[in-house]
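Asks: Could you put the whole structure together from the sequences, leaning on the hints where they help?
Protein sequence lines, in the order shown, are assigned to chains A and B.
Sequential numbering of the first sequence, starting at 1, is according to our numbering.
Sequential numbering of the second sequence, starting at 1001, is according to our numbering.
These are calculated hints, taken from the structure and not from any lab test.
Check each hint, because a few of them may be wrong.
What the hints assert, rightly or not - Just some of the chain A residues that point at chain B, by a computed CB distance under 10 Å:
1. Arg48
2. Gly52
3. Leu53
4. Val77
5. Ala78
6. Leu93
7. Ser96
8. Leu101
9. Glu104
10. Pro109
11. Arg133
12. Arg150
Said to hold, decoys possible - Label pairs and their in silico Cβ distance ranges:
13. B/Arg1338 to A/Pro29: 40 to 46 Å
14. A/Glu227 to B/Ala1395: 46 to 52 Å
15. B/Arg1413 to A/Glu227: 47 to 53 Å
16. B/Phe1336 to A/Ala22: 32 to 38 Å
17. A/Gly9 to B/Arg1492: 54 to 60 Å
18. B/Ala1395 to A/Ser24: 34 to 40 Å
19. A/Glu227 to B/Leu1412: 50 to 56 Å
20. A/Arg110 to B/Gly1025: 53 to 59 Å
21. A/Pro109 to B/Leu1416: 48 to 54 Å
22. B/Ala1348 to A/Pro29: 35 to 41 Å
23. B/Ala1480 to A/Pro170: 50 to 56 Å
24. B/Arg1408 to A/Val18: 49 to 55 Å
25. B/Val1332 to A/Asp65: 38 to 44 Å
26. A/Thr11 to B/Arg1413: 30 to 36 Å
Note that the Cβ used here is the ideal one computed from N, Cα and C, for glycine as well.
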Amino acid sequence: MRPMIALRGVTKRFGATVALDAVSLQVQPATTHVLLGSSGSGKSTVLRLILGLAAPDGGVVLVDDTPVDASTRDRLVARMGYVVQDGGLYPHLRASDNVALAAEAQAWPRARIAERVAALTELTGLDASMLRRYPRELSGGQRQRVGLMRALMLDPPILLLDEPLGALDPIVRAELQEHLGRLFADLGKTVVLVTHDVREAARLGHTITLLTAGRVVQHGTYADLAERPVSPFVTQFLTAQTLTAPSAPARG
Amino acid sequence: MTLRLALALGGLLASASGAGAAPDGVIRVGSKSFTESYILAEIAAQVIEQVGEARVERRVGLGGTGVTQRAIESGAIDLYPEYTGTLARVILKDPSLQTIEAIRARLAPRGLVVSGSLGFANTYALATRADLAERLGLRRISDLAAHRELRAAFSSGFLEREDGWPGLRAHYGLVLARADVMEHALTYRAVASGDVDLMDVFSTDGQLERLHLRLLEDDRGFFPDYSAVLLARRETTEHFPRTWARLRETLEGRLDGRRMAQLNAMADLDGKHVGEVAAAFLGGSSPSTAASSTGGPRAILGEIAALTRDHLLLVLISVGAAVALGIPMGIVAARFRRAGQLELSVIAMLQTVPALALLMFMIPLFGIGKGPALVALSLYALLPIARNTYAGLMAIDRTLLEIAWVLRLGELRRLLRIELPLSAITIMAGIKTAAVTTVGTATLAAFIGGGGYGTLIVRGLALDDTATILAGAAPAALMALAFHGLFELVDRVVIPRGLRG
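Replies: The structure is reproduced here in structure tokens:
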């Protein structure tokens, strides 16, 4: 199958630091791909390159076979939703206004916006009375759901999530992980999710890329990494966080 | 409400820019900011009102010859009391002009008319405490040569003018321990208390006798003749011939030095208002005018109300203009870093110019009155607003701006919907600073005829009248407090609820 997103030999430097070193990877349509690694591994940089928020120093980033560059990034970003840790909500706007921003910019009629917000509220399982609140009046989990609603507002085929559950406590986190897994499968989105949490990677990722210090260590399913590690580092990284191997996600 | 405000603003701007227009049934009477000038201007104003040919607008207390000259040449004022020596030396820059006829001939091409002498000459003179003069044997200016230890305080005009201290010092070969600049009204107290030994005065000064000050004789004839005259625009005298004739008839040759000193003393020492003093000279009460400009304590309340409106408009318009200009400048600075730094540096430099000097710089560009005062005040209010807008925008979390791009909000929507609201607290703090400080700075507008509370402060300084100074200073302080309180309310409206702590 033709990959929805592909990196081919991508290198990115910040001054003297090499953030990504000849990284290649592919994400198939309607699957969830997890970028796994500890902080500083370069996984967030991959998302920024896909979004066009940064440009690679070498190699090429392809979205739907189109190279991401200054001339294409405005067009390509229209196909992406972006969620960051703790939601990245605008503190001066109510939850509903945060969600509606992208649709307002596209001059959607009010009724259509309201309809879509209602549908997303149901989809993400947010308590509808929370929509009137400002971000600081919401819990971490609620903020995250609102951030997800905002990214889904225009129904983009690609979702990019940067440590979306990083700021949540373990119970809320487990609950949301399960919810997200079902949601991604139902919606048929192509998802790239950045996390350092092995359990999350195992639950949500159809495929996983393990990164360290800007290099790819191993591609594969969780089972590949767990059972056929290419190096002792893979096993070390997986077992440092998990004692029991969770079951792999259902294929959407 | 909005309409009325708009009309008021329009009226103010019209009156600010209406200088130099054809006669419109109004004679604008000016004066400088010292007692005698106020009194002569008020006498002229009352005479004009009695004739009834024209209405009077008082633009008194202007901050010096530079201001009055510019004002009468541009038509911002039509008439004001002046002295022949000043006309010759400062305005015509030709000290050889001795007679009124010679001066008149030279001013005619400029469209200006000079009356005959009002009857007295008010020359510059040096004064010292009588007991000190006694002790040191000081009777003549040449006696000062033997007393280099003396300390002098001069008004700024005297300290700088060729016919003032620089010329006098050269003429007599004088050297003094100190010769500082000091506000004239304050110098009397400094001399009386012994902090200062010597000051410049006018020979018709009403306070000399009662403060036990002694004039030093100009034994080598340095000070030129300063006969008092009225200076008027020719078109005004031609348009209102009866008024001009009556002014000359009432004033020419009618005031000798002693009489003028008495009038000055009435205002300076007896605390009489200028309106009363003028009425006393004209013989009999002058009902309409006493109330309209400078009457008794009750009238001053009415005046404060009018000045409050003036002052408020000065502040609102100038801060409004500074907001309209400063926020876009802050945005530009945040968008284009290098040009922005340059822009902010230029505004910051403007801020280092003393407010009074900035006001004076406006005169050659915009004349006198509210217009130039508004321009200067706006420039002054610019820095806190532009700088805080810049700082607010620069402090926004970069991730939030990137998300705005991913959401494809577009430049304008991002600015209006995201960036400015997120910076609202910082921007409002800048506007608040600008408004509160402008209330204070606006009191200086009176020096160039801009009106407002400063009018009372300038007059109070000239008349050495603390009550009048306070009548201007206290409401200004209250207004600053009121603005501070008002902004607490405005903050609640402007700052998004999600950002308030």
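Asks: Of the hints stated earlier, which fail here?
Replies: 7, 10, 21, 22, 24
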